[in-house]
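> This is what each chain is made of:
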Amino acid sequence: MKKQNLTGTMNPYLKFLIDYSVPIIISLLVAFAIPLSGLSGKYFIKELTIRLSRNSFLILALLIPVMAGMGMNFGIVLGAMAGEIGIIFVTDWGIVGLPSMLLAMLISTPIAILLGYFAGIVLNRAKGREMVTGFMLGFFMNGIYQLVVLYGMGNIIPISNSKILLPRGYGIRNAISLMGIRQVMDKFIPLKIGGILIPIGTILVIASLCIFIVWFKKTKLGQDMRTVGQDNEVARAAGINVEKTRILSIVISTVLACYGQIIFLQNIGTMNTYNSHEQVGVFAIAALLVGGASVAKANIFNVFIGVILFHTMFIVSPRAGKAIIGQAQLGEYFRVFVSYGVIAFSLALYAWRKRVEKENERRKAMAFKRMLLQNNNTAEGDKL
Amino acid sequence: MRKRIIIRITLIVVLILMGISLYTIGKEHKVLIDNKDISMGGLTYNADTAYNVRVDNLEIGLLEKDERKAVKVVGASHKIVVEEIKNKISTGEKHEKKFKLKINENVTINLPAMVNNMDKWIEKIKN
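Top line first, the protein sequences correspond to chains S and U.
If you count the first sequence from 1, position 22 lands on 18 in our numbering, and the numbers rise without skipping.
If you count the second sequence from 1, position 13 lands on 18 in our numbering, and the numbers rise without skipping.
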């Protein structure tokens, strides 16, 4: 019998091209832009090392909800907000150094757990539309965050540091200097190779998270999440509490995103109180997709390939844009365009694959029905 | 069930204690160092010597007469070492003191009082 599966009959090279179309396109773009940018190898490696250590943790936070079949968690913005609240408090209290960062993590963890739990409940009510719901949740929670930070802090929540308070006496300033925690984790174990600072502390933390994720996949909860991700009904029949497992995956992701945002901000050294978290979800998801992940499948390998490709583009695009049309601004527009474009392309590709799979299922069912009918007709013919 | 509650309460207590210790270890304090005349209990100590000051192995620099320097220190326990300087040359005389700071405490250290072992060589700054 002729094989009806569309992707099954597809040339393996073509299948590879379709599966990895996003990383292939971005690799080509990067390969084209690197020579145009004219950046020195040392500068390029330095920038890439900084960005790898700055962003990897946040992107790793996306893996667990993908495992639980919830797609890309746009709700990591909630975790980022929790992390920022922790940072506001430690800055107000005048805590500096690594203890400050750890205390910020400690304070923001219960907030991240609460927000993650709330997000999990909402996403359970929007099964099949988790990503758009998560995206909207980010906007909704941003409103509440602004209300708390802009009106609550200094009014209801005591803030005494005049350096972070607005001159009117309440509300937090638009930009906060984080000199007290700037690069404390990056420089915790100082190492310079060829004049380039290697952030050993942050790399060790990222490596620990990678080990945690690998270990977590093998635990009972990790296996439950994979089962839930494959089929909710099968998981339920196997006695897994699907709703609880999904909530847990979002809680873990939100808490990790909270830590990721703190690591991100300690590297930058300043915090844009009302905007730092806004693009976190989009950029992290775009980076993961650039690394070859899909809405249904993502691994640690995709994270690092994604960070390298996506951030190489960030580094070279302004200079390449300037070389092409004489304006660095083009590079800025280009990278925003690519971020959203990559997400749109990946979602469209995922939807197309789903449609093809459904079509395959339908064709298989039709062929099976036809075969049964043929068998029945032959049997009746034999009787006659 | 009871065991689980005990474990959870213990975890919360441990986390709170961890938070308090992180707060204490990471708290930044302002220390003002004065090389000014000081009168206490009818006695006056004049600031007629320059001092080279180090706080927690951090070089603060030379403090001439009537000069004040501010330094930020982190944590609760600290050490100040002052070295007498005359005509820009060290006399070799060193004075060392250890001090502890409470949470939210900023202090002023008076060098003439410190080298003369007076009780009030360190005073809390009133907010």
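Calculated from the structure, these hints are not laboratory results.
Incorrect hints may appear among the rest.
The list that follows gives simulated cross-link-like pairs (lysine-lysine, BS3-like), each with its CA atoms no further than 27 Å apart [as the list claims (entries may be wrong)]:
1) Lys84/U to Lys107/U
2) Lys183/S to Lys84/U
3) Lys41/U to Lys131/U
4) Lys216/S to Lys8/U
5) Lys41/U to Lys159/S
6) Lys159/S to Lys8/U
7) Lys131/U to Lys159/S
8) Lys240/S to Lys35/U
9) Lys42/S to Lys77/U
10) Lys35/U to Lys183/S
11) Lys350/S to Lys11/S
12) Lys183/S to Lys77/U
13) Lys35/U to Lys8/U
14) Lys240/S to Lys8/U
15) Lys129/U to Lys159/S
16) Lys8/U to Lys125/U
> Honestly, which of those hints from before does the structure not fit?
Going through the list in order, the structure violates hints 5, 6, 8, 9, 13 and 16 and respects the others.
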